[in-house]
Each structure stands twice: as structure tokens, then as C-alpha cells.
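Visitor: Sequence:
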Amino acid sequence: MKRKILNRTQGFRTKDGAGVSLVRVLSRNTTKEYNPILMLDSFDSTDPDDYIKGFPMHPHRGIETITYLREGTMTHKDSMGNEDTITDNEVQWMTAGSGIMHEEMPKPSKRMLGVQLWLNLLSKDKMVRPHYQSLRGDDLKIVEEDFARVKVISGEYKGTKGYAPKYLPLDFYEIEIKKNEEFTIETKDDQQVILFTLIGDIEVEGDVVSEKTAVTTTDGDKLTIKAKDEDVIVLFLQSIPTNEPIAWAGPIVMNTNEDLRQASLDLRNGTFIKKKPEEDQ
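Residue numbers 1 to 281, in full-length UniProt numbering, belong to the letters of the sequence shown in order.
Calculated from the structure, these hints are not laboratory results. Don't take every hint at face value.
As the list claims (entries may be wrong) - Using 20 Å as the maximum straight-line C-alpha spacing, the simulated EDC-like pairs for lysine to aspartate or glutamate come out as follows: (1) K179 x E230; (2) K166 x D201; (3) K166 x D139; (4) K228 x E145; (5) K4 x D201.
To be verified - Just the calculated beta-carbon pair ranges, DEER-fashion: (6) D88 x G159: 34 to 42 Å; (7) R149 x E244: 20 to 28 Å; (8) D49 x T85: 35 to 43 Å.
All residues carry an ideal CB built from backbone N, CA and C; glycine is no exception.
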């Protein structure tokens with residue numbers, strides 16, 4: 001059965017970090033519909049003043065953050081001692097787990113184009129050891145299809161494997177479709193499927209979705225996406241909803257208000273970082 005659009009969320013322009021101009025698409029008011037994707041921010045600018053101040057050092061707990069740059073350059077530093085720079089067609093995948101401090105600082109480029117996702121963690125995994133992983137351009141395999149190409153960032157597509165998430169499964173693809181052409185993808189009937197139109201407008205079963213919009217879909221085992229009047233870039237996300245309580249305060253997402261109070265206390269007391277780098281030895 002073919003999937004149809006169920007929910008639709010248009011992004012809106014705002015600022016975050018130290019003054020980064022971005023399009024916020026998903027946030028705390030969309031968690032019920034888009035679970036387990038908690039947040040989705042989109043970056044798209046040719047003006048370095050929009051993003052150069054970046055995201056200075058700040059905490060996270062209870063989630064994974066995934067930053068994908070279609071174009072641009074960004075340097076990551078964290079409390080585990082990692083320092084790493086990604087550029088065009090590369091990914092930063094960070095498991096905040098029990099607690100991490102990190103910063104993401106962009107560098108000037110012709111265009112900054114990409115997204116950051118927050119992926120929820122199950123309650124049993126909220127306090128796992130933090131971890132950082134970068135995926136280089138050569139790590140991201142591409143499957144060529146008729147009128148389309150699928151970049152496999154995580155999960156698997158037709159036997160081509162991307163990064164294997166350690167906690168919640170996530171099939172994360174970037175799909176390019178030629179203008180006025182259709183592409184049909186098989187989906188897992190029991191999982192949440194989310195689309196985000198990074199570039200261009202698409203149509204799903206007669207329903208038009210404009211650029212910088214996220215949608216959820218009805219259950220089904222396939223999904224047909226049609227590009228409108230230009231080549232499009234669509235992000236495809238497929239995972240399992242956590243169906244657990246969500247308690248959210250700024251960069252920390254747990255299950256209860258007591259969890260949030262403990263995180264706040266840990267930050268004040270200097271005990272937020274539970275897993276020191278030397279513990280990984």
C-alpha cells in the first residue's frame with residue numbers, strides 16, 4: 001500500500017546559538033507527530049554573517065545529534081577531547097548520552113547548506129557513554145536509480161549500507177530526483193517515515209510539499225515522490241517511534257521532570273560530565 005502525507009510542518013526562520021540564522025522545522029511542539037525525530041534545523045545561506053558566530057560550547061544529554069552538510073564547513077569540539085572538521089557531503093554523528101559539552105563552529109563558504117537533527121534515545125539508553133563519529137564523503141555510498149540518486153547516510157538501501165546507529169535504528173537517505181520525474185521507494189510498514197524538502201518542491205500522491213517542509217506519512221510499504229519544476233533534494237528518515245514520555249529543557253531531553261532537575265543540578269555542581277575520556281581506554 002502506498003503511503004500518503006499525514007502531517008505537514010513548514011519551517012520558519014529564527015536564530016539560535018550565538019546568532020545563527022536558520023530555518024527551524026521540527027521542535028518540541030512536533031514531537032508527538034514526528035517521534036523519534038525531536039528537532040530539525042535547516043541551514044541555507046550564501047552570507048557568512050548568517051552563520052559564522054556558530055554554536056559555542058553548550059551541553060546535551062539524552063539524545064543524538066546528527067549534522068549533515070550538503071555544502072559548507074563546520075568544526076566540532078567536545079568535552080571528550082574530540083576536534084574534527086567536516087565539509088561538503090559529510091556528517092557529524094554525536095551520541096550525547098549521559099552528558100557532553102560541545103561546540104559547532106562554521107567556517108565561511110560559498111554556501112552553507114544542510115541540516116541538524118536531534119534523534120531521541122530510549123530511556124534505557126539516555127545515560128550511555130557519549131560518543132562522536134564523523135562520516136566522510138567517501139563513507140557515504142550512492143545508489144543510482146532511474147531519474148534519481150540515493151545517498152545512504154545511515155541504515156541500508158537495497159543492500160548498500162551506511163552508518164549503523166548504535167541505538168535507535170535510522171535509515172537516513174538524501175534523495176535527488178530530476179525535475180518532473182517520479183521515484184518510488186520501498187518502506188518498512190511498521191516504521192515512521194518522514195520527508196524533508198531540502199531543495200525544491202515535491203508531490204506525494206497528488207499532495208504538493210513546498211521547500212523547507214517536513215511531512216510524516218501514513219502506513220504503507222512504498223512511497224512515491226515526484227519532483228515538480230526543478231531538480232529536488234529530499235531527506236528521507238525512517239525509524240521507530242520511542243512512545244515514551246518526553247521531558248525537554250533546552251539542549252537536554254529526558255523522560256521525566258526529575259531527570260531534568262537532576263541534569264540542571266549536575267550542571268550547577270560541575271558533575272554533568274559522567275563519562276570522562278580516560279574511561280574509554
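Visitor: The structure should be examined with respect to each hint, and the outcome stated for every one.
Guide: Okay, the hints, checked on the actual structure:
Of the supplied pair hints, the one linking K179 and E230 holds, its CA atoms being roughly 4 Å apart against a limit of 20 Å. Restraint check for K166 and D201: the C-alpha separation of about 33 Å exceeds 20 Å, so the hint is violated. Under the criterion of a C-alpha separation no larger than 20 Å, the hint pairing K166 with D139 is consistent with the structure, at around 17 Å. The hinted pair formed by K228 and E145 meets the criterion: a straight-line CA distance of about 18 Å does not exceed 20 Å.
With a CA separation close to 16 Å, the supplied pair K4 and D201 stays within the 20 Å bound. Separation of D88 from G159 is about 26 Å and departs from the stated range, judged on CB atoms against 34 to 42 Å. For R149 and E244, the hinted distance range of 20 to 28 Å is not satisfied, since their beta carbons lie about 36 Å from each other. One distance hint, 35 to 43 Å for the beta-carbon pair D49 and T85, is violated here, with the actual separation near 21 Å.
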